[in-house]
Amino acid sequence: MSVLIFIDQAEGHVKKASLEVLSYGAKVAELLNTSAEAVVLGTVTEDLSALGKYGVRKIHHVANDALNHFDAQVFTNVIAQAVEATAAKLIIFSNNIDGKAIAPRLSAKLKAGLVAGAISLPETGNGFTVKKNVFSGKAFATISLNSDIKIISLNTNSYPVTATEGTAEVVALNATVNAPKVRVTATNKVTGDIPLSEAEIVVSGGRGLKGPENWGMVEELAKLLGAATACSRAVADVHWRPHHEHVGQTGLAIAPNLYIAIGISGAIQHLAGVNRSKVIVVINKDPEAPFFKAADYGIVGDAFEVVPRLIEDVKKLKGLS
Amino acid sequence: MKILVCISKTPDTTAKIAFTDNNTKFAEAGVQWIINPYDEWYALVRAIELKEKDPTTVLHLITVGGADTEPIIRKALALGGDEAIRVNAAGHDSFYIASQIADVGRQGSYDLVFTGKETIDYNGSSIGGMVAELLDMPYVSLATKFELNGITATVTREIEGGEEVCEVSLPLVVSCQKGMAEQRIPNMKGIMGARTKPLKVIEPATVTELTSVVSFQLPPVKAGVKLVSPDNTAEMVRLLREEAKVI
Ligand SMILES: Cc1cc2nc3c(=O)[nH]c(=O)nc-3n(C[C@H](O)[C@H](O)[C@H](O)COP(=O)(O)OP(=O)(O)OC[C@H]3O[C@@H](n4cnc5c(N)ncnc54)[C@H](O)[C@@H]3O)c2cc1C
Ligand SMILES: Nc1ncnc2c1ncn2[C@@H]1O[C@H](COP(=O)(O)O)[C@@H](O)[C@H]1O
Numbered sequence: 001m002s003v004l005i006f007i008d009q010a011e012g013h014v015k016k017a018s019l020e021v022l023s024y025g026a027k028v029a030e031l032l033n034t035s036a037e038a039v040v041l042g043t044v045t046e047d048l049s050a051l052g053k054y055g056v057r058k059i060h061h062v063a064n065d066a067l068n069h070f071d072a073q074v075f076t077n078v079i080a081q082a083v084e085a086t087a088a089k090l091i092i093f094s095n096n097i098d099g100k101a102i103a104p105r106l107s108a109k110l111k112a113g114l115v116a117g118a119i120s121l122p123e124t125g126n127g128f129t130v131k132k133n134v135f136s137g138k139a140f141a142t143i144s145l146n147s148d149i150k151i152i153s154l155n156t157n158s159y160p161v162t163a164t165e166g167t168a169e170v171v172a173l174n175a176t177v178n179a180p181k182v183r184v185t186a187t188n189k190v191t192g193d194i195p196l197s198e199a200e201i202v203v204s205g206g207r208g209l210k211g212p213e214n215w216g217m218v219e220e221l222a223k224l225l226g227a228a229t230a231c232s233r234a235v236a237d238v239h240w241r242p243h244h245e246h247v248g249q250t251g252l253a254i255a256p257n258l259y260i261a262i263g264i265s266g267a268i269q270h271l272a273g274v275n276r277s278k279v280i281v282v283i284n285k286d287p288e289a290p291f292f293k294a295a296d297y298g299i300v301g302d303a304f305e306v307v308p309r310l311i312e313d314v315k316k317l318k319g320l321s
Numbered sequence: 322m323k324i325l326v327c328i329s330k331t332p333d334t335t336a337k338i339a340f341t342d343n344n345t346k347f348a349e350a351g352v353q354w355i356i357n358p359y360d361e362w363y364a365l366v367r368a369i370e371l372k373e374k375d376p377t378t379v380l381h382l383i384t385v386g387g388a389d390t391e392p393i394i395r396k397a398l399a400l401g402g403d404e405a406i407r408v409n410a411a412g413h414d415s416f417y418i419a420s421q422i423a424d425v426g427r428q429g430s431y432d433l434v435f436t437g438k439e440t441i442d443y444n445g446s447s448i449g450g451m452v453a454e455l456l457d458m459p460y461v462s463l464a465t466k467f468e469l470n471g472i473t474a475t476v477t478r479e480i481e482g483g484e485e486v487c488e489v490s491l492p493l494v495v496s497c498q499k500g501m502a503e504q505r506i507p508n509m510k511g512i513m514g515a516r517t518k519p520l521k522v523i524e525p526a527t528v529t530e531l532t533s534v535v536s537f538q539l540p541p542v543k544a545g546v547k548l549v550s551p552d553n554t555a556e557m558v559r560l561l562r563e564e565a566k567v568i
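So the protein lines, in turn, are chains U and G. Mapping of the first sequence onto the working numbering: position 74 corresponds to residue 74, and the numbering continues sequentially without gaps. If you want the working numbering, it's the 1-based position in the second sequence plus 321.
Honestly, the hints are just simulated from the structure, not real lab data. Keep in mind that a hint or two might mislead.
Claimed, not checked - List of simulated lysine-lysine pairs, DSSO-like, C-alpha gap at most 27 angstroms: (1) G:372 x G:346; (2) G:543 x U:181; (3) U:278 x G:466; (4) U:315 x G:547; (5) U:138 x G:323; (6) G:337 x U:111; (7) G:466 x U:189; (8) U:58 x U:109; (9) G:323 x U:293; (10) U:318 x G:566; (11) U:293 x G:337; (12) U:109 x G:323; (13) G:396 x U:181; (14) G:346 x U:53; (15) G:547 x U:293; (16) G:547 x G:566; (17) G:323 x G:466; (18) G:566 x U:278; (19) U:181 x G:466; (20) G:547 x U:223; (21) U:138 x G:543; (22) U:278 x G:372; (23) G:396 x U:278; (24) G:566 x U:315; (25) G:372 x U:285; (26) G:323 x U:27; (27) U:16 x G:566; (28) G:466 x U:285; (29) U:138 x U:181; (30) G:337 x U:138; (31) G:466 x U:293.
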């Protein structure tokens, strides 16, 4: 039962989420006493053999330019060919944006059970079970995969990237690549920012900040910490911040190592998107704000006094003042 | 033009999450049920807008669920849509649900299938992709905008740190999220009209489930917040560096 890991890349660069699944997949292969192989599609500018340090032994590369734009149907077809070539019984994806589009298609194609949003290693004591997030982070479920071929999509930021040593053998995989039906006509990147979904630290602001003109301090703190910025839905709804920054039940669900919430009340729908964060810091002038119940650290105080002070202290820490 | 919108029933966003039967079932007592927000606000409303623009559009809603989903599907019909189909089956295996939807989709020859981004209870984000595969259609996931020009759709989808615009010819499956449309409130005329709209109940096709839920668990309770005085932000920085080790 070999394990096949999908390496997701964009513009030739392997995504951080892929390093997580490589580390996870290698560990799963070790637990199952088998080898970890990987598949990558499209032109890659990085040295793929170096990914061997995450534990993968062989990487199948389909270096066809037609795969430089994403089409879930075409990708699924190619990955299915890789599954056949490697006789894999377990396929691992990141539950990131591309993973959410391909893993379900592959599941239906191969009649392979899928656990989408896995957060831990599989258990094989009693069947084959994997734990996943349910109820928008408010609970977990243990899911049994009952099919011969199985698929796991690992939530981002839920398994540490673990590098050791070794190189991977990179082999070209000769696959049939159909013409994509989805034609990408434009890509609009929010330049300079750290993608929110991949950020290890997130600084977020709510209606307590009173207006978009006050986001300077949020951005400054984020920049000092190498963090991405986020906001509550109330803030995105009144267009103080762009909608892609909105986190929560109806926005993005994130799981950074550190989430700093400034002037956010902590409504249950907001918490649903951030409660997987490892450490939560809340700054709010109301000691009764529900967010304090979900927080690890808190400051009861006026954001307009606390945040500038915090910025000075972080500068000191970073040796910048 | 024929559109199929997938509607699921979920607990209200503020519902208390608890489990019964030795942690194998969601505790439904006292829970308010709603249309899954992504299905209602984005998938359904955008489909209704398309029908408003081209009144020859036929708009069907589908739910896979027991008789207890009928109030939800009626509420969806009150917002808009011509008729609803309920596949009379319970269960949470995504492949099982997707297979039922794909069966109806195949028979109805729909040009466009809309799903929500994900259900807020099972968080699979899977049904759309599975339906697309089963129907051998292209799939654009996590769409934030959708425009139609003849049989060519222009769809904007989320990517890491931005968005991508793409063009696809119908037929097509799209999963919808924030940005697609603005939430609507059903009006009295819609509510009255929904009572007489057809709600067909059909029996499920035989499909083997690929996954099953073994048990549920609640997350461990947090130890409680450690408060730092607003005058002592330096202490906060120290804690984050030395105790939490996150900066
Ligand atoms: C179905 C549904 C889905 C939803 N989905 C989401 C979602 O995905 N994400 C989301 O965020 N919300 C969501 N909401 C909305 C949510 O219920 C809240 O309304 C929203 O999160 C509130 O945003 P807020 O905390 O910024 O604003 P408020 O609730 O207005 O809170 C502002 C906070 O700032 C504090 N404050 C004020 N002044 C200061 C100051 N000077 N210094 C420090 N603190 C200050 C106040 O004490 C207060 O706690 C959803 C709601 C529904 C019904
Ligand atoms: N039981 C169901 N009946 C009809 N549509 C569903 C059902 N479950 C999920 N869906 C649709 O599929 C989308 C994604 O669901 P999921 O893959 O469970 O996160 C939802 O937003 C709905 O549009």
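Tested hints:
{"no.": "1", "hint": "G:372 x G:346", "result": "39 angstroms, violated"}
{"no.": "2", "hint": "G:543 x U:181", "result": "48 angstroms, violated"}
{"no.": "3", "hint": "U:278 x G:466", "result": "33 angstroms, violated"}
{"no.": "4", "hint": "U:315 x G:547", "result": "23 angstroms, holds"}
{"no.": "5", "hint": "U:138 x G:323", "result": "37 angstroms, violated"}
{"no.": "6", "hint": "G:337 x U:111", "result": "34 angstroms, violated"}
{"no.": "7", "hint": "G:466 x U:189", "result": "16 angstroms, holds"}
{"no.": "8", "hint": "U:58 x U:109", "result": "24 angstroms, holds"}
{"no.": "9", "hint": "G:323 x U:293", "result": "48 angstroms, violated"}
{"no.": "10", "hint": "U:318 x G:566", "result": "14 angstroms, holds"}
{"no.": "11", "hint": "U:293 x G:337", "result": "15 angstroms, holds"}
{"no.": "12", "hint": "U:109 x G:323", "result": "25 angstroms, holds"}
{"no.": "13", "hint": "G:396 x U:181", "result": "35 angstroms, violated"}
{"no.": "14", "hint": "G:346 x U:53", "result": "42 angstroms, violated"}
{"no.": "15", "hint": "G:547 x U:293", "result": "10 angstroms, holds"}
{"no.": "16", "hint": "G:547 x G:566", "result": "15 angstroms, holds"}
{"no.": "17", "hint": "G:323 x G:466", "result": "19 angstroms, holds"}
{"no.": "18", "hint": "G:566 x U:278", "result": "11 angstroms, holds"}
{"no.": "19", "hint": "U:181 x G:466", "result": "18 angstroms, holds"}
{"no.": "20", "hint": "G:547 x U:223", "result": "25 angstroms, holds"}
{"no.": "21", "hint": "U:138 x G:543", "result": "13 angstroms, holds"}
{"no.": "22", "hint": "U:278 x G:372", "result": "45 angstroms, violated"}
{"no.": "23", "hint": "G:396 x U:278", "result": "39 angstroms, violated"}
{"no.": "24", "hint": "G:566 x U:315", "result": "17 angstroms, holds"}
{"no.": "25", "hint": "G:372 x U:285", "result": "47 angstroms, violated"}
{"no.": "26", "hint": "G:323 x U:27", "result": "47 angstroms, violated"}
{"no.": "27", "hint": "U:16 x G:566", "result": "21 angstroms, holds"}
{"no.": "28", "hint": "G:466 x U:285", "result": "37 angstroms, violated"}
{"no.": "29", "hint": "U:138 x U:181", "result": "38 angstroms, violated"}
{"no.": "30", "hint": "G:337 x U:138", "result": "9 angstroms, holds"}
{"no.": "31", "hint": "G:466 x U:293", "result": "36 angstroms, violated"}
Comparing the model with each earlier hint shows violations of hints 1, 2, 3, 5, 6, 9, 13, 14, 22, 23, 25, 26, 28, 29, 31; every other hint is respected.
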